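S.K.: One-letter residues, chain by chain:
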Amino acid sequence: MLGGYAGKILWVDLTERRWLVEPVTEELARAWLGGGGWAAAKVAAMVPAGADPLGPDNILGFFTGPLTGTPAPSSGRHCVAGKSPLTGIWGEASVGGHWGRSLKLAGYDALILTGQASEPVYLWINEAAVEIRPAGSLWGLDTYEIEEAVRARTHPQAQVAAIGPAGEKLSRIAGIFTDGREGRAAARCGLGAIAGAKKVKAVAVSGRKNPALFNRGELLASINTLVPALKEKTRGMSDFGTAGLVIPAEMIGDFPVRNWSLGSWEEGALKISGAALAEKYLTGRFHCWACPIGCGRKIAVTQGRYAGVRGAGPEYETLGLFGGSCLIDDLEVICLANELCNRYGQDTIEVGNLIAFSCEAFEKGIITRADTGGRELKWGDNETFLELIREMGEVRGFGAVLAQGFPGLFKRYGEAARKISMTVKGLSFPAHEPRAYNSLGLGYATANRGACHLEAMSHVFERNLSLQELGVEKPLDRFSSQGKGALVARAQDFMMVYDAAALCKFTLFGGLTPTHLARWISLATGLDCTVEELLRCGERIFNRKRLFNLECGLGRRDDTLPERILEQPRGSGGSADNLPPLEQMLEEYYAVRGWDAEGVPRAETLRRLGLAREGHRAGVDRE
Amino acid sequence: MILSLRLYPPLKFDDGDEFRQVEVEPGTKADALLDRLEGEGVFRSYGRQYLLVLTADRIIRDDYPLEAGQFVKIILSPDGG
Chain D
624 MLGGYAGKIL WVDLTERRWL VEPVTEELAR AWLGGGGWAA AKVAAMVPAG ADPLGPDNIL
684 GFFTGPLTGT PAPSSGRHCV AGKSPLTGIW GEASVGGHWG RSLKLAGYDA LILTGQASEP
744 VYLWINEAAV EIRPAGSLWG LDTYEIEEAV RARTHPQAQV AAIGPAGEKL SRIAGIFTDG
804 REGRAAARCG LGAIAGAKKV KAVAVSGRKN PALFNRGELL ASINTLVPAL KEKTRGMSDF
864 GTAGLVIPAE MIGDFPVRNW SLGSWEEGAL KISGAALAEK YLTGRFHCWA CPIGCGRKIA
924 VTQGRYAGVR GAGPEYETLG LFGGSCLIDD LEVICLANEL CNRYGQDTIE VGNLIAFSCE
984 AFEKGIITRA DTGGRELKWG DNETFLELIR EMGEVRGFGA VLAQGFPGLF KRYGEAARKI
1044 SMTVKGLSFP AHEPRAYNSL GLGYATANRG ACHLEAMSHV FERNLSLQEL GVEKPLDRFS
1104 SQGKGALVAR AQDFMMVYDA AALCKFTLFG GLTPTHLARW ISLATGLDCT VEELLRCGER
1164 IFNRKRLFNL ECGLGRRDDT LPERILEQPR GSGGSADNLP PLEQMLEEYY AVRGWDAEGV
1224 PRAETLRRLG LAREGHRAGV DRE
Chain P
-7 MILSLRLYPP LKFDDGDEFR QVEVEPGTKA DALLDRLEGE GVFRSYGRQY LLVLTADRII
53 RDDYPLEAGQ FVKIILSPDG G
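Note that the protein sequences, when read in sequence, are chains D and P. Residues in the first sequence are numbered from 624 upward in steps of one, following my numbering. Residues in the second sequence are numbered from -7 upward in steps of one, following my numbering.
Here chain D stands alone, though its shape is the one from the complex (with noise of 0.2 Å):
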């Protein structure tokens, strides 16, 4: 038997209120390795191309990873993965705190729930049990209220993943929050709205059955050497999370302000940093499972209008695209804000987007007071840019436009509205600026679930970090194209083993290497893997879901970029004058993936990488 893995994937059928065991085989963890790669390898697997990602034929996978639940450190996350109600490809979202550990220690290295719950249900998953039980009196509680309810019902320890009220109505923006007032999520894609159609409002895990090890001594001992250099490499992200990189990317040019229209917003940046934030609001830091890092903030506000707010503080994500992208400088505003998604369960990045769209759709005349309920729409309004975040999480007024997300916005306004969406698949962007960074202008084109900076993560080697065994010696020039399809193929395929492994991304900073993940898995399953092996399955899981997307109706023309982006420079600041030459760097990328002139994998290709049967029913068999 493997080390690492619990050994079985729990399947639940919602409609006919059974469930089943499916064993983890070593074909599975070796081709696939788990987490995103599980996802890859079920998720496209089961659902139909033209399935209704809100219908029964829709599944919803939660997969942890090898090294999930071991001492590895940073491994507490898990995937969450199923067609997304938002943009109907591929949809996955990673998320960290203790969930993914504790549904290993249940027995189960992932969940995966099919058909549709006749009435609302939530799941309670342990070493003795898996029971269906219903949920009426549950529904309509927000995600902090949620965690306390079922403990009370299951366990004072169990691990809660559950959706809100934007989930239950099937908001497209809505996600899947665990962690309670500590809010960790699986924000992106719209996978909430699955829970939501699924009627399931909540999963409860509880369990002591440590996954065993394969050489459990080695594995420790080669963990010890890197965590206290990982520890001081990351000083910067305990001691002010990710919010500290607020002031940097403000300075850089990687910084959203106004919907993406303009380059620098230094003093607004200055009163919502990470320095800021710590400086006023700070009460202690969270960790998620096994992390020496610590980037979670316990903020309070204790004075003032939004007296009260209490918990999880706002990430980069959302200072940047509430802050800079809104307009809004007042950080109390953007805590109470955050804490509103949060309770909602909705994706704050698609609604800072949608929030900034709305304020530029009005100035332009798309959207008008008819449609906004009679009300004027302005920069930097801190209570109307709440009312909206409140209507969204309700899904009710002009808040239930918005939470169709912007593919629905593209049907209701049309190309006007299309010009001014800063959108790759209909995935809105995340806080960083692809005229910043030309590598990343090419990984918000070619992720799979749509713009995503963190499918390749290929930016960070043009800001500061190297890695020899990507071949990157120093970190690179930004505004050169040379080498970058290259690059964000390698660095796609390196990410898709970290989502396999289900290992958090920010021990990238800490010095953390494909040799150490390949020494790591092998000590910890047996599978003994080389480097080269892990970066084929990482190659292997992203052309996986590749195929899936064209299966869906994708090509070419949908790896693209927004006009603005590729036409119209910031005009100030850090990289006021960049363009990124993307056709350039996208015919390198295709030449270097193996896929030919339409973003198709050659046969070669796939036959190389043991998808030939796949491409075959994607029908994209091509020599």
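Keep in mind that the hints were calculated from the coordinates and are not lab data. Note that the structure is a prediction, hence the values are computed from the model and not measured. Hints may contain errors.
25 Å max Cα-Cα, derived DMTMM-like pairs, lysine to aspartate or glutamate [to be verified]:
#: 1; chain 1: D; residue 1: Lys631; chain 2: D; residue 2: Glu645
#: 2; chain 1: D; residue 1: Lys856; chain 2: P; residue 2: Glu30
#: 3; chain 1: D; residue 1: Lys1097; chain 2: P; residue 2: Glu15
#: 4; chain 1: P; residue 1: Lys21; chain 2: P; residue 2: Glu59
#: 5; chain 1: D; residue 1: Lys856; chain 2: P; residue 2: Glu59
#: 6; chain 1: P; residue 1: Lys21; chain 2: D; residue 2: Asp765
#: 7; chain 1: D; residue 1: Lys832; chain 2: D; residue 2: Glu855
#: 8; chain 1: D; residue 1: Lys894; chain 2: P; residue 2: Asp23
#: 9; chain 1: D; residue 1: Lys987; chain 2: D; residue 2: Glu955
#: 10; chain 1: P; residue 1: Lys4; chain 2: P; residue 2: Glu32
#: 11; chain 1: D; residue 1: Lys1097; chain 2: P; residue 2: Glu30
#: 12; chain 1: D; residue 1: Lys792; chain 2: D; residue 2: Asp765
#: 13; chain 1: D; residue 1: Lys631; chain 2: D; residue 2: Asp680
#: 14; chain 1: D; residue 1: Lys856; chain 2: P; residue 2: Asp55
#: 15; chain 1: D; residue 1: Lys1097; chain 2: P; residue 2: Asp23
#: 16; chain 1: P; residue 1: Lys4; chain 2: P; residue 2: Asp49
#: 17; chain 1: D; residue 1: Lys854; chain 2: P; residue 2: Asp54
#: 18; chain 1: D; residue 1: Lys894; chain 2: P; residue 2: Asp9
#: 19; chain 1: D; residue 1: Lys1042; chain 2: D; residue 2: Glu1092
#: 20; chain 1: D; residue 1: Lys854; chain 2: P; residue 2: Asp49
#: 21; chain 1: D; residue 1: Lys822; chain 2: D; residue 2: Glu742
#: 22; chain 1: D; residue 1: Lys854; chain 2: P; residue 2: Asp9
#: 23; chain 1: D; residue 1: Lys903; chain 2: P; residue 2: Asp49
#: 24; chain 1: D; residue 1: Lys1097; chain 2: P; residue 2: Asp49
#: 25; chain 1: D; residue 1: Lys792; chain 2: D; residue 2: Glu639
#: 26; chain 1: P; residue 1: Lys4; chain 2: D; residue 2: Asp1100
#: 27; chain 1: D; residue 1: Lys894; chain 2: P; residue 2: Glu59
#: 28; chain 1: D; residue 1: Lys1034; chain 2: D; residue 2: Glu999
#: 29; chain 1: P; residue 1: Lys21; chain 2: D; residue 2: Glu650
Here are a few chain P residues that sit away from chain D, every Cβ distance over 12 Å (derived from the structure) [as the list claims (entries may be wrong)]:
#: 30; residue: Arg(-2)
#: 31; residue: Asp6
#: 32; residue: Val16
#: 33; residue: Leu68
We put the CB at the ideal spot given by N, CA and C, even for glycine.
Assemble chain P onto chain D, guided by the hints.
M.R.: Only chain P this time, still in chain D's reference frame:
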């Protein structure tokens, strides 16, 4: 030659200020400037490895030759993506 320096929170000079002008030898490179400031205790407990340096809105590396009159910005190096 004279350079203008700006530190960004949480970094500050020991008088609490964030701005300062310094005089350095012509041809001084970025790493020498940082060595000097580190020796003066400007970076608190963070040390050189935690810093990012920009001038004219460009990230500069250790071997960058500074020029008279430049405005040099020093920030805590970003972690996270």
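S.K.: Can we confirm that no CB of chain D comes within 12 Å of the CB of Leu68 of chain P?
M.R.: Violated: least Cβ distance 5 Å, not greater than 12 Å.
S.K.: Holds or violated: Lys832 of chain D and Glu855 of chain D, Cα atoms, limit 25 Å.
M.R.: Violated, because 32 Å separates the two Cα atoms, which is more than 25 Å.
S.K.: Need the status of pair Lys894 of chain D, Asp9 of chain P: alpha-carbon distance at most 25 Å?
M.R.: With Cα atoms ~17 Å apart, Lys894 of chain D and Asp9 of chain P stay inside 25 Å; holds.
S.K.: Checking one constraint from the list: CA of Lys631 of chain D to CA of Asp680 of chain D, max 25 Å. Satisfied?
M.R.: 23 Å, holds
S.K.: Does the structure keep Lys856 of chain D and Glu59 of chain P at a Cα separation of 25 Å or less?
M.R.: Judged against 25 Å, a Cα distance of about 31 Å means the pair is violated.
S.K.: Given the hint that Lys4 of chain P pairs with Glu32 of chain P, does the C-alpha gap stay at or below 25 Å?
M.R.: 12 Å, holds
S.K.: Would the pair Lys792 of chain D and Glu639 of chain D pass a check requiring their Cα atoms to be no farther apart than 25 Å?
M.R.: Holds, at roughly 23 Å.
S.K.: Has the given pair, Lys4 of chain P with Asp49 of chain P, been kept, meaning a C-alpha gap of at most 25 Å?
M.R.: Roughly 20 Å separates the two Cα atoms, so the pair holds.
S.K.: Take a quick look at whether Lys21 of chain P and Asp765 of chain D sit within 25 Å of each other, Cα to Cα.
M.R.: 55 Å, violated
S.K.: Mind checking the alpha carbons of Lys894 of chain D and Asp23 of chain P for me, to see if they're no more than 25 Å apart?
M.R.: Violated, at roughly 30 Å.
S.K.: According to the definition I'm using, a residue is off the interface if its beta carbon is farther than 12 Å from all beta carbons of the partner; does Asp6 of chain P meet that for chain D?
M.R.: It holds; Asp6 of chain P is separated from chain D by about 17 Å at its closest Cβ, greater than 12 Å.
S.K.: Could you grab the alpha-carbon distance between Lys792 of chain D and Asp765 of chain D and see if it respects the 25 Å cut-off?
M.R.: 12 Å, holds
Taken one by one, the earlier hints fail for this structure at numbers 3, 5, 6, 7, 8, 9, 19, 20, 22, 23, 26, 27, 29, 30 and 33, listed in ascending order.
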